[in-house]
Amino acid sequence: MNMIDNSRMIYLDGAMGTMLQRSGLKMGEKPEVFGMLHPDVVKEIHLKYIRSGSDVIYANTFGANSHKYEGSGYDVEEVILANVRTARAAADSVQDRKILVALDAGPIGELMQPLGTLSFDEAYDCFRQVVLAGERAGADLVVFETMSDLSEVKAAVLAARENSSLPVWVTMTFEKSGRTFAGTDPSAMALTLDALGVDALGVNCSLGPEDLLPMVQAIRARTDLPIIVKPNAGLPDPRTGSYAMTPQLFRRQMEVYPRMGIHILGGCCGTNPSFIQGLRDAFGSICQADSSRTVSSQTDETELLNGVCSASRVTDLDGRVRVVGERINPTGKKRFQQALREHDMNYIMKCAIEQAQAGADILDINVGLPGADEPLLMTEVVRAVQSVTDLPLQIDSSTPAAIEAGLRAVCGRAIVNSVSADEEKCRQILPIVKKYGACVVGLALKKSGMPKDAKERIENARAILKMTDEYGIPRRDVIIDCLALTVSAQQDQAMETLHAVEYASRQLGVHCTLGVSNISFGLPMRKMATVSFLTQAMYCGLDLPIVNPNQLEIMDSIASYRALSCQDPSCSAYIARFADRPADSPALRPTAPARAEAGTDPAKDADLTQESQAIRSAVIKGLPKEVREQTRLLMERKSAMDIIEQDLIPALDAVGEKYEKQIIFLPQLINAANAASAGFDLIKERIAKTDGASVSKGTIILATVEGDIHDIGKNIVKVVLENYGYTVIDLGRDVPPEKILKAAQEYDVKLVGLSALMTTTLPSMEKTIQVLREAGHPCRIVVGGAVVTREYAQQIGADYYAKDARETVEAARAVYS
Amino acid sequence: MIKPEIRQINTDTIYRYLGLQSGSPLLREEAGDLRLADQIERCRQTVLEASKIRCVYRILPMSLIGLDSAGPDSAGHDPSKSPEICLHGRDIARLLEGCDEAVLMALTLGVEVEKVLMRTEVTDMSDALVMDVCASSAVEAAADDFELQLSGELLPESRFLTNRFSPGYGDFELSHQRPILELLNASRAAGITLTPTSLMVPRKSVTAVMGICRRSREKVLGGCARCPLMSKCSYRSHNLRCFI
Numbered sequence: 085m086n087m088i089d090n091s092r093m094i095y096l097d098g099a100m101g102t103m104l105q106r107s108g109l110k111m112g113e114k115p116e117v118f119g120m121l122h123p124d125v126v127k128e129i130h131l132k133y134i135r136s137g138s139d140v141i142y143a144n145t146f147g148a149n150s151h152k153y154e155g156s157g158y159d160v161e162e163v164i165l166a167n168v169r170t171a172r173a174a175a176d177s178v179q180d181r182k183i184l185v186a187l188d189a190g191p192i193g194e195l196m197q198p199l200g201t202l203s204f205d206e207a208y209d210c211f212r213q214v215v216l217a218g219e220r221a222g223a224d225l226v227v228f229e230t231m232s233d234l235s236e237v238k239a240a241v242l243a244a245r246e247n248s249s250l251p252v253w254v255t256m257t258f259e260k261s262g263r264t265f266a267g268t269d270p271s272a273m274a275l276t277l278d279a280l281g282v283d284a285l286g287v288n289c290s291l292g293p294e295d296l297l298p299m300v301q302a303i304r305a306r307t308d309l310p311i312i313v314k315p316n317a318g319l320p321d322p323r324t325g326s327y328a329m330t331p332q333l334f335r336r337q338m339e340v341y342p343r344m345g346i347h348i349l350g351g352c353c354g355t356n357p358s359f360i361q362g363l364r365d366a367f368g369s370i371c372q373a374d375s376s377r378t379v380s381s382q383t384d385e386t387e388l389l390n391g392v393c394s395a396s397r398v399t400d401l402d403g404r405v406r407v408v409g410e411r412i413n414p415t416g417k418k419r420f421q422q423a424l425r426e427h428d429m430n431y432i433m434k435c436a437i438e439q440a441q442a443g444a445d446i447l448d449i450n451v452g453l454p455g456a457d458e459p460l461l462m463t464e465v466v467r468a469v470q471s472v473t474d475l476p477l478q479i480d481s482s483t484p485a486a487i488e489a490g491l492r493a494v495c496g497r498a499i500v501n502s503v504s505a506d507e508e509k510c511r512q513i514l515p516i517v518k519k520y521g522a523c524v525v526g527l528a529l530k531k532s533g534m535p536k537d538a539k540e541r542i543e544n545a546r547a548i549l550k551m552t553d554e555y556g557i558p559r560r561d562v563i564i565d566c567l568a569l570t571v572s573a574q575q576d577q578a579m580e581t582l583h584a585v586e587y588a589s590r591q592l593g594v595h596c597t598l599g600v601s602n603i604s605f606g607l608p609m610r611k612m613a614t615v616s617f618l619t620q621a622m623y624c625g626l627d628l629p630i631v632n633p634n635q636l637e638i639m640d641s642i643a644s645y646r647a648l649s650c651q652d653p654s655c656s657a658y659i660a661r662f663a664d665r666p667a668d669s670p671a672l673r674p675t676a677p678a679r680a681e682a683g684t685d686p687a688k689d690a691d692l693t694q695e696s697q698a699i700r701s702a703v704i705k706g707l708p709k710e711v712r713e714q715t716r717l718l719m720e721r722k723s724a725m726d727i728i729e730q731d732l733i734p735a736l737d738a739v740g741e742k743y744e745k746q747i748i749f750l751p752q753l754i755n756a757a758n759a760a761s762a763g764f765d766l767i768k769e770r771i772a773k774t775d776g777a778s779v780s781k782g783t784i785i786l787a788t789v790e791g792d793i794h795d796i797g798k799n800i801v802k803v804v805l806e807n808y809g810y811t812v813i814d815l816g817r818d819v820p821p822e823k824i825l826k827a828a829q830e831y832d833v834k835l836v837g838l839s840a841l842m843t844t845t846l847p848s849m850e851k852t853i854q855v856l857r858e859a860g861h862p863c864r865i866v867v868g869g870a871v872v873t874r875e876y877a878q879q880i881g882a883d884y885y886a887k888d889a890r891e892t893v894e895a896a897r898a899v900y901s
Numbered sequence: 137m138i139k140p141e142i143r144q145i146n147t148d149t150i151y152r153y154l155g156l157q158s159g160s161p162l163l164r165e166e167a168g169d170l171r172l173a174d175q176i177e178r179c180r181q182t183v184l185e186a187s188k189i190r191c192v193y194r195i196l197p198m199s200l201i202g203l204d205s206a207g208p209d210s211a212g213h214d215p216s217k218s219p220e221i222c223l224h225g226r227d228i229a230r231l232l233e234g235c236d237e238a239v240l241m242a243l244t245l246g247v248e249v250e251k252v253l254m255r256t257e258v259t260d261m262s263d264a265l266v267m268d269v270c271a272s273s274a275v276e277a278a279a280d281d282f283e284l285q286l287s288g289e290l291l292p293e294s295r296f297l298t299n300r301f302s303p304g305y306g307d308f309e310l311s312h313q314r315p316i317l318e319l320l321n322a323s324r325a326a327g328i329t330l331t332p333t334s335l336m337v338p339r340k341s342v343t344a345v346m347g348i349c350r351r352s353r354e355k356v357l358g359g360c361a362r363c364p365l366m367s368k369c370s371y372r373s374h375n376l377r378c379f380i
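Protein chains in written order, with the working numbering: chain A, 85 to 901; chain B, 137 to 380.
Errors might be hidden in some of the hints.
[Stated by the list, open to error] Below are the DSSO-like pairs computed for lysine-lysine, each with C-alpha atoms no more than 27 angstroms apart in a straight line: (1) B:K188 - A:K260; (2) A:K709 - A:K722; (3) A:K434 - B:K139; (4) A:K826 - A:K851; (5) A:K768 - A:K709; (6) B:K139 - A:K260; (7) A:K773 - A:K722; (8) A:K260 - A:K418; (9) B:K188 - B:K139.
[Unchecked claim] Label-pair restraints from in silico Cβ distances: (10) A:S177 - B:E318: 32 to 40 angstroms; (11) B:E141 - A:E858: 50 to 58 angstroms; (12) A:P454 - B:T147: 19 to 27 angstroms; (13) A:Q879 - B:A229: 43 to 51 angstroms; (14) B:T147 - A:E294: 37 to 45 angstroms; (15) B:A173 - A:Q441: 56 to 64 angstroms; (16) B:E318 - A:K182: 34 to 42 angstroms; (17) A:E894 - B:T147: 26 to 34 angstroms; (18) B:E141 - A:N247: 45 to 53 angstroms; (19) A:N247 - B:D174: 53 to 61 angstroms; (20) A:F662 - B:E141: 36 to 44 angstroms; (21) A:D209 - B:T147: 46 to 54 angstroms; (22) B:K139 - A:N602: 53 to 61 angstroms.
Hints were generated in silico from the structure; no laboratory data involved.
Where is the CB? At the ideal position from N, CA and C, for every residue including glycine.
Chain A on its own, in the form it takes in the complex (with noise of 0.2 angstroms):
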């Protein structure tokens, strides 16, 4: 139902919350239920906006969801319906024009994962009972507003578009920043709400109208859907919290909007009806400019500025060279595979952030593994990715299940990588990417062969193209693999890819991306042929290159073309990186080994050699990097477990101890806990290769109780019993019992590791310790946390206390001894 005329100002409505106290709301009273206590009041106030000139009102609902709700004695749907219907009476009671009512739902009020613990699913669940309870009421649209983190919003508008056919309006709330308390940018929420096909969107409360300005430039930059402007009268006193400004101000800050072709004016906090008024006087009913996408179809739709994007950061695309990272793939990695495997999210950010800091623009994320739940690891790897990168995503996958899985879980607007030139592979595929508007990579092969040549690659490019125009997918959002094949096996087919590239970019308008490094597989010095070959590339078109950026001559020769090609204007990206580097790269050469360290330490012992000394001085001084390669030395003589305990743990006893005696603190403790890591890591690795036994001492549960967010302390203790060698699930944090428990069953151990931090979620660990002991799991269990006491661990039926990581390793070595 398309309900906005684009060539007609739309005005809304102004504050609810101010009416209602004026009305009588007291402090700390629902206003929901206020109004379904005096529909009369809340008429009267509607009224008063529609005679002021509001077009659409939104209804007295803003708070009400079942988490505000919850113990309050009040039904949700009933309030939302109450309210609803009294708005539903107003407009309906006018019969010169036709006002609209909007179902107004604000943030649930709680954070999202990761940061909270309100879960994806949840926020879905709590809106969707907000949206069928609206549209039965006989709401015309549903307004979703003052949101501030963008996973919420995509909640909110797969919930209503996935349960309802009401139009959907999305307002977001920006500090003077110009992100919203979240981080979310504007350029971001306007890509990824485009991409989800809302109705209309913009920005409401937090400021003025003049400041806000700058963030409604950078949504229209985005997007040609109607733009809604719902800004505050200027910031409140904190004495008589009012707010200072005048409608005549106002509606003078608003004059730029409508210039700018935005048409849908209203207030938020601290407006009234005469604002609304003085917008409607001003501003009249006739859009004096037009930019809306019915009207500009004739215009050319790539004067905006494309791109993909997480909640805070976007990548342009705009044929400028991008990297999209390939690290994160289990395709011949034994070690990835075992984190997969394993759940090990830990790894995979880590695989994340490296990636980020070398300089990606794009992650790739490939979770196939046989056997594996592909669409449940995709979600769960997106989520911890984009918990500790903002970098913009790429799903790859050619199952449709894991692609949706993927999409779903992604904050902002991903590609999806890919589809092939099949038709069938693109009816299954192309649907989920125009659902959630993604970009997509379309692969230039058929399951009947590879291609032979440029002309096939680029026939095959056009059959995708008639798939995805057939779709309603924009050629601008098309990104065509034209295929770099090995060149020591088929050494004609490089020069073709490049051809094809060239025709791709240039004739067919499209993004190109290829997997770069394939190109050099099977030759000896392999950078050299990929770094010629990704220059090659660049110069024919390529601009989305899938290589790894932590290797340095990659993204090297990158930053040089894009220096050559005026992509880094006054080429000040390319000085930055190479102002400092001396003319032989310290990178290129191998690492000295910290071997003249040894001779001169103080943890001297005669009867140690060389080597074990250096790994216990290396250990305690917290050096990774010389850690490992003494490790690297002893694997030569020793076998992995006597390295483990006749080294490491060893050195991590030392350690300990000297903790223990307050001669070293805890920041050293875990650094030298992290040395030690890079010995285990690499020992691990030669395992992982070799598929041998595993090393681990035993596997232990850790998780920090449900309601509690506060997880550093196991985080520490973690690393540490890591560190000697046991294997640890971290289930996270604000875990519930439940969870625990099956994990407890599902990996057989003997230890789980409980944490609380907080008074108020102990007894989620007195809980958590009762549905574990109720089940009749055998294990024991290890508690800790700043509130924990041994008194009270005993009381509760743990079976040990610890007061920090060192005795829970204790705990551990008694279990598994």
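Fit chain B to the given chain A structure using the hints.
Positioned in the frame of chain A, the structure of chain B alone reads:
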């Protein structure tokens, strides 16, 4: 409108949180350990750069504050007074005794710091610990600055601020977080939200109550007696207190 800043993150406080006693021989020994000193400096810089302080406050006449010194479960409060907020407990009642106005305040370092902490916990747990400590000190520093600025505004009127007191201390229960944040419209105005267990997100946030009175008075503190951590407090075991 007061806009608090982090004037400095006190090095002594950081060492104290990390378990080193200020001025002890151990500290002096450690001060010689450049690696720890450098680490602290680096982490402090990161936290300062990432902190984006948002602060909301209201100053209300005492007539709009409902006080109930008998504790949250008693029915001592007179509902006909219709206060904007009710505060329960002996400690808070004692703090606000004889005041004309009360200040309710909430401030946060914002989600930016949380994100940095989350990322650093993956890459370097030791840095993460030091940053966590720096961030906790930074919140306190910002709250101190708020007090300082407000005191400055009150001084010409010959009015004074009492101590700052926060839910979760003494018998002033953590459950006050919700009404205080709601009164301040803090989720909308500063992005501070609460979990169902009354923990603030972003975690590096603080709420506080202060009184405004006509005469300067000895700052009264809640003391350790009712602190849940008293039995295992490491400050106390070193004859120190967490409040200065």
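Here's how the hints hold up against the structure:
no., hint, verdict
1, B:K188 - A:K260, "holds (12 angstroms)"
2, A:K709 - A:K722, "holds (19 angstroms)"
3, A:K434 - B:K139, "violated (37 angstroms)"
4, A:K826 - A:K851, "holds (15 angstroms)"
5, A:K768 - A:K709, "holds (16 angstroms)"
6, B:K139 - A:K260, "holds (14 angstroms)"
7, A:K773 - A:K722, "holds (17 angstroms)"
8, A:K260 - A:K418, "violated (48 angstroms)"
9, B:K188 - B:K139, "holds (11 angstroms)"
10, A:S177 - B:E318: 32 to 40 angstroms, "holds (33 angstroms)"
11, B:E141 - A:E858: 50 to 58 angstroms, "holds (52 angstroms)"
12, A:P454 - B:T147: 19 to 27 angstroms, "violated (54 angstroms)"
13, A:Q879 - B:A229: 43 to 51 angstroms, "violated (32 angstroms)"
14, B:T147 - A:E294: 37 to 45 angstroms, "holds (42 angstroms)"
15, B:A173 - A:Q441: 56 to 64 angstroms, "violated (25 angstroms)"
16, B:E318 - A:K182: 34 to 42 angstroms, "holds (36 angstroms)"
17, A:E894 - B:T147: 26 to 34 angstroms, "holds (33 angstroms)"
18, B:E141 - A:N247: 45 to 53 angstroms, "holds (46 angstroms)"
19, A:N247 - B:D174: 53 to 61 angstroms, "holds (55 angstroms)"
20, A:F662 - B:E141: 36 to 44 angstroms, "holds (37 angstroms)"
21, A:D209 - B:T147: 46 to 54 angstroms, "holds (48 angstroms)"
22, B:K139 - A:N602: 53 to 61 angstroms, "holds (55 angstroms)"
Figure legend: structure checked against the earlier numbered hints; hints not met, in rising order: 3, 8, 12, 13 and 15.
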